[in-house]
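**Q** Protein chains in written order, with my numbering: chain A, 1 to 406; chain B, 407 to 668.
Treat the hints as calculated values from the structure; they're not laboratory data.
Just so you know, these numbers come straight off a predicted model, no measurement behind them.
Heads up, a few of these hints could be off.
DSS-like mimics (lysine-lysine), calculated; alpha carbons at most 27 Å apart, straight line [stated by the list, open to error]:
hint, chain 1, residue 1, chain 2, residue 2
1, B, 463, B, 547
2, B, 545, A, 88
3, B, 566, B, 537
4, A, 88, B, 575
5, B, 537, A, 88
6, A, 78, A, 114
7, B, 483, B, 619
8, B, 481, B, 537
9, A, 43, A, 67
10, A, 75, A, 109
11, B, 534, B, 545
12, A, 399, A, 304
13, A, 213, A, 303
14, B, 642, B, 598
15, A, 105, B, 575
16, B, 561, B, 507
17, B, 558, B, 575
18, A, 67, B, 598
19, A, 88, B, 566
20, A, 359, A, 375
21, A, 360, A, 393
22, B, 598, B, 632
23, A, 109, B, 537
24, B, 619, B, 561
25, A, 88, B, 490
26, B, 490, B, 619
27, B, 566, A, 105
28, B, 566, B, 441
29, A, 67, B, 463
30, A, 109, B, 481
31, B, 561, A, 109
32, B, 575, B, 598
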Amino acid sequence: MESIRRAILKSTIIPAVSGLFFVLIAVTFVLHEIESEYVASRKEITVSTASLIYNNIQIFYTPPYVKHLIYDATKDIKDREVVFFYYKGRLFGNKGAERFFDLCKNLSKAGVFKVREGLLVCYPVYTEMASSLLAQENRQVDAIFGIVFNRKGFLELRNHLVGGIVTLSILTGSLIAFLLAKFYRMLLSDISKFSEIIEILKANNLRLTQSFKFSFKEFLSVYRLIKQLVERIKKLVTELEREATVDRLTSLYNRNFLERVAGRLVALHERTRKPMSVAMLDIDDFKVINDTYGHRRGDAVLKKIGEIIRESVRRSDLPFRYGGEEFLLLFPETQKLQAANVCERLRKRISEADFGFDKKITVSIGVASMPEDTKTYIDIEKLINLSDERLYKAKKLGKNRVVYEG
Amino acid sequence: MNTVFRILILLLLSLSSAFAQVCVVKSYSFDAMNKVALSIISDLSRDVRLMSPEEIKFGVKCRNFVLLGSPAVLKVKDIYSRRKLYVYSFVLFPEELGLEKYENFIGIRIFPLPTRTVDKFSELANRKVKKVALIVGEKTKDVAARYVKGDKRFKIIVVKNDIGEILDKLQNYKYIYLFPDPVVMKVSNILKLLDFASLREAITISNIPETAKFGVNFIYAVDYEKLACKIVDVLKGKIKKDDNLIPCPAKVYVWKASEELF
Numbered sequence: 001m002e003s004i005r006r007a008i009l010k011s012t013i014i015p016a017v018s019g020l021f022f023v024l025i026a027v028t029f030v031l032h033e034i035e036s037e038y039v040a041s042r043k044e045i046t047v048s049t050a051s052l053i054y055n056n057i058q059i060f061y062t063p064p065y066v067k068h069l070i071y072d073a074t075k076d077i078k079d080r081e082v083v084f085f086y087y088k089g090r091l092f093g094n095k096g097a098e099r100f101f102d103l104c105k106n107l108s109k110a111g112v113f114k115v116r117e118g119l120l121v122c123y124p125v126y127t128e129m130a131s132s133l134l135a136q137e138n139r140q141v142d143a144i145f146g147i148v149f150n151r152k153g154f155l156e157l158r159n160h161l162v163g164g165i166v167t168l169s170i171l172t173g174s175l176i177a178f179l180l181a182k183f184y185r186m187l188l189s190d191i192s193k194f195s196e197i198i199e200i201l202k203a204n205n206l207r208l209t210q211s212f213k214f215s216f217k218e219f220l221s222v223y224r225l226i227k228q229l230v231e232r233i234k235k236l237v238t239e240l241e242r243e244a245t246v247d248r249l250t251s252l253y254n255r256n257f258l259e260r261v262a263g264r265l266v267a268l269h270e271r272t273r274k275p276m277s278v279a280m281l282d283i284d285d286f287k288v289i290n291d292t293y294g295h296r297r298g299d300a301v302l303k304k305i306g307e308i309i310r311e312s313v314r315r316s317d318l319p320f321r322y323g324g325e326e327f328l329l330l331f332p333e334t335q336k337l338q339a340a341n342v343c344e345r346l347r348k349r350i351s352e353a354d355f356g357f358d359k360k361i362t363v364s365i366g367v368a369s370m371p372e373d374t375k376t377y378i379d380i381e382k383l384i385n386l387s388d389e390r391l392y393k394a395k396k397l398g399k400n401r402v403v404y405e406g
Numbered sequence: 407m408n409t410v411f412r413i414l415i416l417l418l419l420s421l422s423s424a425f426a427q428v429c430v431v432k433s434y435s436f437d438a439m440n441k442v443a444l445s446i447i448s449d450l451s452r453d454v455r456l457m458s459p460e461e462i463k464f465g466v467k468c469r470n471f472v473l474l475g476s477p478a479v480l481k482v483k484d485i486y487s488r489r490k491l492y493v494y495s496f497v498l499f500p501e502e503l504g505l506e507k508y509e510n511f512i513g514i515r516i517f518p519l520p521t522r523t524v525d526k527f528s529e530l531a532n533r534k535v536k537k538v539a540l541i542v543g544e545k546t547k548d549v550a551a552r553y554v555k556g557d558k559r560f561k562i563i564v565v566k567n568d569i570g571e572i573l574d575k576l577q578n579y580k581y582i583y584l585f586p587d588p589v590v591m592k593v594s595n596i597l598k599l600l601d602f603a604s605l606r607e608a609i610t611i612s613n614i615p616e617t618a619k620f621g622v623n624f625i626y627a628v629d630y631e632k633l634a635c636k637i638v639d640v641l642k643g644k645i646k647k648d649d650n651l652i653p654c655p656a657k658v659y660v661w662k663a664s665e666e667l668f
């Protein structure tokens, strides 16, 4: 498996090298085409000039006239260096024409030579006949015409064109490279953000402490999906945690949570030397309710009592469902009498509440406090046992009461 | 055994395909010759091989030959065989090729001779032609003289190079015959001659169809379509020959009195 950066690099180099190769081919092809076009155009110029001169001298021939014709027909050919015309055994032309004529004299058709001065184009002119058959049977060269073209203009044109192509290729290549680099930078930036997100989620217990912006829509969608999944996981974790601490029926803390917090609470009170009270609450004759009205109604009673407890206790108090129809109340930094008062108010509210039965529902409560009852700070279990003993005492004394002494 | 049989069949097939009934040898490539060659090939329809003179060599597998143009005739003389038939055309002056001793060479002329041409003109124009200037070059004056031998209507006027040299001599001629000669047929000479003729209202006569574009008044020349048929007929033995040179099938291409031309 390879990294994205490496894969991108690899996938860029191949098209880049191919592009360069194609540019080279294009330049070679253009050079060849320019050369061919140049030669063809010079051939055309030579042929048409030769025909013009030859046809004229067929009507009227004198050597001075030939010279005049050569001058007149070639004066506008800007890149001509040497011009010559061989007719009736006589060579007309400017200086150095003999050398070029020697190259052309044995040709049977138009020929092109690269010479030091440039490009030599030779054109043997055949006698023009009114009959094809006669022309073929008596085919003979009547005149030879040649022009030496300097290649200055051609080379300038060629260099301009090649320079243009190369410049255009470099500009296009640079633009493509710039756009690709930008694209890859954006891509890598987006991908590296995911690595960052993973690190943050790992470090912060699935909490995203910052938001991210993406260049690509697809990555943004993935990011949103991750965020949704994280939120969902967090919600599920919260629910799980809640399930672990809260009793589902009564929405009061469960016994499990009591075991987790009670010890620490006692330790805190012992350190601060502050009082702490506990109350154990039990529904009177709950078994009769269950047996008479069924467990569903019994559960409704438990739920309602849970609500009354939550409404009746102070915000600092901790209510637990201790088990079955038993509830436990923890009163931090509360003296026994204060706790007993809260319990009394609670008992009264419950006994006055309408549970939908023809008889009242009552509760018995046992209250214990430390260090008031225990002289010293003891284990929470022992304090709970003491409150439980007082609860039984309240039951024995006739139920529906709060007992905090004895 | 099976393999030997197969090889024998292949050998026979290759031999039969290589041995053509007729070889058409084309010396040049211009429109009229190409058309005639194609017509011959389509008329013969099978066992025909088209070739150039360069392909003719000893051992070439052809039963009969159609030779178009002088180079083909000259080349085939090297591999002459009495058992084969050689039909040729597109040769301007066959008399100059020295084919007298080759009895199987049958030629079809490529232009009607001057006498025939002028007769045709007289017939068509309904004019009695008494005197015709026959313009000819140095090289072909002898052959031209041979063609018009005995025909007193023709007066041979030889042009060396430029037609301008002889224009004075043409002053008294009403009819000017352009012999198919390389000097006469030079475009520059034809143009000068026709200019002169039009000014003098002289009638120009030619056997070359291509001279029509220059304004020649009367053109009586070979009919290329019939020429192809005639070559095929000679090959098939349909034409009885008294002479080894057969006149060409001809037709009138142009007939315009000088005043109609310009």
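**Q** Can you confirm whether the C-alpha distance between residue 75 of chain A and residue 109 of chain A stays at or below 27 Å?
**A** holds (25 Å)
**Q** Would the pair residue 105 of chain A and residue 575 of chain B pass a check requiring their Cα atoms to be no farther apart than 27 Å?
**A** Outside the cut-off at roughly 38 Å; violated.
**Q** Is it true that the CA of residue 481 of chain B sits at most 27 Å from the CA of residue 537 of chain B?
**A** violated (40 Å)
**Q** Please work out if residue 43 of chain A and residue 67 of chain A have their alpha carbons no farther apart than 27 Å.
**A** Distance of about 21 Å is within 27 Å: holds.
**Q** Holds or violated: residue 561 of chain B with residue 109 of chain A, Cα cutoff 27 Å?
**A** Given pair residue 561 of chain B, residue 109 of chain A is violated - Cα atoms ~39 Å apart, limit 27 Å.
**Q** Please work out if residue 642 of chain B and residue 598 of chain B have their alpha carbons no farther apart than 27 Å.
**A** violated (45 Å)
**Q** For the pair we were handed, residue 463 of chain B and residue 547 of chain B, check the Cα-Cα distance against 27 Å.
**A** Since the Cα atoms of residue 463 of chain B and residue 547 of chain B sit roughly 34 Å apart, the hinted pair is violated (cutoff 27 Å).
**Q** Next pair to validate is residue 88 of chain A with residue 566 of chain B; report whether the Cα-Cα distance is within 27 Å.
**A** holds (14 Å)
**Q** Holds or violated: residue 67 of chain A with residue 463 of chain B, Cα cutoff 27 Å?
**A** violated (49 Å)
**Q** Against the 27 Å threshold, does the CA-CA distance of residue 109 of chain A and residue 481 of chain B hold or violate the hint?
**A** At roughly 24 Å apart (the allowed maximum being 27 Å), residue 481 of chain B and residue 109 of chain A satisfy the hint.
**Q** Quickly compare the C-alpha distance for residue 558 of chain B and residue 575 of chain B to 27 Å and report which way the hint goes.
**A** holds (18 Å)
**Q** Verify the proposed pairing of residue 566 of chain B with residue 441 of chain B, using a straight-line Cα cut of 27 Å.
**A** Not satisfied, since the Cα-Cα distance of roughly 34 Å exceeds 27 Å.
Comparing the model with each numbered hint stated earlier shows that hints 1, 5, 7, 8, 11, 13, 14, 15, 16, 20, 22, 23, 25, 26, 28, 29, 31 do not hold.
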